[in-house]
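Novice: In this text, residue positions in the sequence shown follow UniProt numbering: the first is 1, and each later residue adds one.
Treat the hints loosely; a few may be bogus.
Said to hold, decoys possible - Calculated lysine to aspartate or glutamate pairs in the EDC-like style (CA-CA distance at most 20 Å, straight line):
1. Lys156 to Glu238
2. Lys89 to Asp107
3. Lys95 to Asp162
4. Lys154 to Asp98
5. Lys137 to Asp107
6. Lys95 to Glu238
Since the hints were made in silico from the structure, they are not lab data. Given the structure is predicted, the values throughout are model-derived calculations rather than measurements.
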Amino acid sequence: MEKSIFRLLKSYFRNSLTIKRFYKDYKSDQPIYDRITEDDFKNLSFFQKIERIYCMYKDECKLFIREALQNYSIYPRKFIENEIDIVWKFDGSQKSLDQWIVNSDSDYKYGYSSAKLELSSHGYGIFHGILNTTPVKDGITTDSGYCNITTIPKFKSFYRIDKYDWSEYNEIVLRVKGDGRTYMLNILQKGTQFKNFTYHYFMYTRGGPHWQIVRIPFSKFVVCNKGQINENQYRLLESTVTNFGITIADKIPGSFKLEIDYIGVCYNTNISENFAYEMYDVNRN
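The task is simple: from the sequences and hints, build the whole structure.
Specialist: Written out as structure tokens, the structure reads:
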């Protein structure tokens, strides 16, 4: 099983551009978390800038106090076994769409694929587009064809990057309606000592009009370093998750469509596996 997983991953992504795009800065025209930019202060007078900074500082102080009270609560957090805790859900609101960034190889001039994330008439998220595997003729690119959605970073007060603490859970759960194509789930840890590591596993959709519940243990995720499968495999550190993404790069040109209801985490009592792959250090001497 271990060899087959590694063989699949290498054939899909060893020389592709898919994972490497996660390490480029986000495009400036993509909707990201409300970030302070120079354009926000360009047309303001000196006193207006002072007033703006004061209001922002006051709001961040209030948020900091609220965070401190939550973190030092005398009541411990309770986790219900076998109960799904939803992290991201498409509820028909624009806010649920604003939590995601959509990109493809065409955004970075490395291909011709296109993708969108929209709401359906029932309020679910629809990740759809056209996958084009034709590489650009730049003399460098040899593989192309990927589309991706990734969650925006979560921030604490004073614009500090926050992390999802999933240490009490052992699997990720998705309710999706696919088209029979293979997608890849990505768990990122940006802003940590493992910022170049990403964890991946495949999600196989069956197509058709019915919803499917996809449950993948954290122990199954394979660690990669800048697009290459890491020789030393490590279990996912669930307490330092910063982003989650879904990628399609199955090298099959054509349209795709993935309908998403929610993405959550769960502590499944039926899972006893700690890590699915061998853990050893490669001696390079």
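Novice: Of the numbered hints stated previously, which ones are contradicted by the structure, given in increasing order?
Specialist: 2 and 6
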